[in-house]
Amino acid sequence: MSVTGRLREPALAKRHRIGKLFEWLCCGSTWFGVVVLLLLLLSVGWKAMTWPTADADAADRAAAMKTDAPSSAAATSARPLSTRFLTSYDSRIPQKAGIKAALWGSLWLLVFVGLATVPIGVGAAIYLEEYSNEGRWKRIIQVNLSNLAGVPSIVYGILGLTVFVRMFGLFGHDGKVLDLNLGFTVLAVPLPFERSVISGALTLSLLVLPTVIVAAQEALRAVPSSIRTASYALGATQWQTIRHQVLPAAMPGIMTGVILSLSRAMGETAPLIMIGALTYLARCPGHIDSVSSVWEHPTGLLEAPFDVFTSLPIQIFNWVSRAQPEYDHLAAAGIIVLLVVLMCMNTAAILIRNRFQRRTLW
Amino acid sequence: MSVAQATSPLSIKRPSSLTRRVSWTRAREQIIRAVLFLCGALSLLTTAGIIIVLFTEAIYSFGGTAFFQSVSITDFLFDTVWAPQHPDHPRFGILPLLCGTFVIAGLGGLIGLPIGLASAIYLSEYAKPKMRRIVKPVLEILAGIPTVVYGYFALVFVTPYVLRPIFQTWLGFNVDIFNALSAGIVVGVMIIPTVCSLSEDALRAVPRGLREAGYALGSTKFDVSLKVVVPAALSGILASFLLAMARAIGETMAVTIAAGQQPRLTLNPFRGMETMTAYIVNISLGDTEAGSMEYKSLYAVALSLFVITLLMNVLAQWVLKRFREVYE
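Chains as they are written, first to last, in the working numbering: chain A, 1 to 362; chain B, 1 to 328.
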């Protein structure tokens with residue numbers, strides 16, 4: 001501002017100085033977030049690329065936790081983040097530990113959370129936007145949704161623990177096993193679900209459902225009503241209109257919201273810890289550890305939902321809470337993998353949004 | 001809302017002669033409508049589930065004994081020691097946990113609220129479109145980072161490389177490896193995107209005319225931003241603050257990792273503390289027998305947490321509605 005120089009009145013010049021100072025302050029605050037993000041990525045990246053040497057603070061931490069000094073096992077890989085890290089199970093020896101089980105667990109969670117939230121979330125959004133006519137039900141559900149979105153995730157964990165993992169203790173102390181005869185195989189369904197993939201997925205589904213519904217509602221609201229009116233004018237029923245006109249038009253928006261919600265579910269840790277997913281685990285759900293193993297024992301696909309599991313953020317927390325400094329570096333490697341997966345999902349969501357935004361013309 | 005009503009498809013009158021006829025198509029329409037309603041009602045069921053679960057385990061159990069049937073509510077609220085694991089005299093005073101929760105959320109608020117508001121003011125009043133295009137995605141990324149990552153960041157970076165050099169080496173405080181300040185800092189960073197995006201929406205909703213009137217009266221940009229636009233958007237800003245604080249209070253993984261597991265009644269931010277959420281996590285990590293007092297205390301703590309965050313959310317909605325300035 002060259003104005004300041006020309007001003008004769010000192011009071012006004014002072015006001016401009018204050019204004020300038022304020023602008024710099026605000027600008028600094030805005031960049032604060034960027035700086036923190038950079039610091040976070042750099043520190044995690046550095047940890048993921050090196051094994052600890054004579055790391056003073058890590059040794060200090062190990063001492064603080066009153067455990068053994070850092071073990072000096074021979075390194076089997078040059079750095080924590082490597083291909084071996086992706087293809088091996090968790091191990092008592094840090095240099096051999098990997099996140100295979102966590103990756104498969106997260107994948108299973110993702111599939112089941114998606115299967116549960118997409119139909120229910122979109123259905124609820126359709127009801128709220130297309131059917132309920134600004135009535136009492138709509139208001140109640142809407143207020144309820146915004147309150148549910150503010151409930152801490154750990155409370156959902158408690159809900160999941162009671163409803164899915166224990167089922168209110170209705171099935172006694174040891175539970176029951178329901179044998180479903182499917183013709184080609186007998187599927188053993190434990191009741192209650194206990195610490196299985198399905199418990200985790202249902203808990204996470206309840207958690208992200210409000211976000212999915214709100215996102216789908218916004219997408220449906222963005223479809224102009226002329227499309228609906230035109231469809232009615234041609235004699236279509238309400239469901240036909242929704243099914244063939246409104247939903248296809250709103251699909252990109254809904255997909256974007258769903259993917260963003262799924263990526264939130266992928267990063268959730270607390271509810272899964274509540275339902276007891278934090279255990280040492282050296283196998284994948286249903287013993288499916290590669291695509292080819294699906295061919296070898298396809299029934300594994302049916303067993304997996306009722307099997308124990310671990311997930312990426314759980315595995316990271318597990319490593320963070322161990323005392324040996326090597327595990328800090330493993331956790332960093334796990335974080336990098338998790339962030340890359342989340343980044344891919346978010347990029348997909350943005351690409352879908354951009355691609356279809358350009359195409360739709362109304 | 002009235003606009004939405006006018007354009008809603010249902011405001012189109014359907015011919016009544018057709019409505020009478022019973023047909024498969026019509027039945028199908030009704031079935032679909034009912035199924036969709038059930039999808040919507042599931043969210044009500046979730047709320048009911050949360051309330052029933054917390055109520056039956058914490059306040060009044062029909063079969064067994066709930067938490068508050070064996071521990072008096074005054075002990076719970078006013079006892080200053082939280083020692084549920086004590087073999088002979090377990091004590092359930094929630095004050096240390098409340099203290100940990102509010103110290104950390106307060107520190108987070110001290111950092112996150114002003115920075116979030118300042119960046120919202122900058123993005124809505126000062127920033128050029130190009131700058132917005134850079135900063136907005138970064139804030140979105142910050143919002144999308146899992147909380148366990150923030151906890152890790154606090155433990156392996158903030159405490160050893162920021163807090164200890166400053167407060168221990170220079171100023172001579174004793175900084176624990178698990179401390180409330182590092183947790184508060186990352187919680188503050190975590191709520192910046194919430195505050196920023198909600199406040200920015202509120203600021204941008206203030207009509208241009210108000211700003212121009214301010215300039216016409218000889219105000220500087222600083223005067224207009226801080227004395228015209230911010231007061232006009234105050235309801236939205238307050239609501240964003242409340243929602244962010246509710247999030248800070250309910251935050252779990254970062255505080256569990258960074259602040260430790262010692263329930264302490266202290267205001268010293270360099271000591272380790274345990275929050276309500278961290279207690280819940282730590283109990284579920286151990287082998288707690290279902291039905292034991294420790295297990296039930298989980299529900300009592302969760303109930304307190306639920307009530308506090310729910311009150312803040314409801315308050316935020318009330319502030320939004322009550323103090324909203326409507327321009328047109």
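Please keep in mind that the hints were generated in silico from the structure rather than gathered at the bench.
One or more of the hints may lead you astray.
[Stated by the list, open to error] Pairs of lysine to aspartate or glutamate, DMTMM-like flavour, derived with a Cα cap of 20 Å:
id, chain 1, residue 1, chain 2, residue 2
1, B, Lys130, A, Glu9
2, A, Lys20, B, Asp201
3, A, Lys100, A, Asp289
4, A, Lys176, B, Asp201
5, B, Lys128, B, Asp75
6, A, Lys14, B, Asp201
7, B, Lys130, A, Glu23
8, B, Lys227, A, Glu296
9, B, Lys136, A, Glu303
10, B, Lys221, A, Asp289
11, B, Lys321, B, Asp201
12, B, Lys128, A, Glu23
[Stated by the list, open to error] Which residues of chain A face chain B? A few of them, derived with a C-beta cut under 10 Å, are:
id, residue
13, Val44
14, Ile140
15, Ser146
16, Arg166
17, Ala249
18, Met251
19, Met266
20, Ser321
We put the CB at the ideal spot given by N, CA and C, even for glycine.
Next item on the list: Kindly indicate which numbered hints from before are broken by the structure, ordering the numbers from low to high.
Entry: 1, 2, 4, 5, 6, 8, 9, 10, 17 and 18
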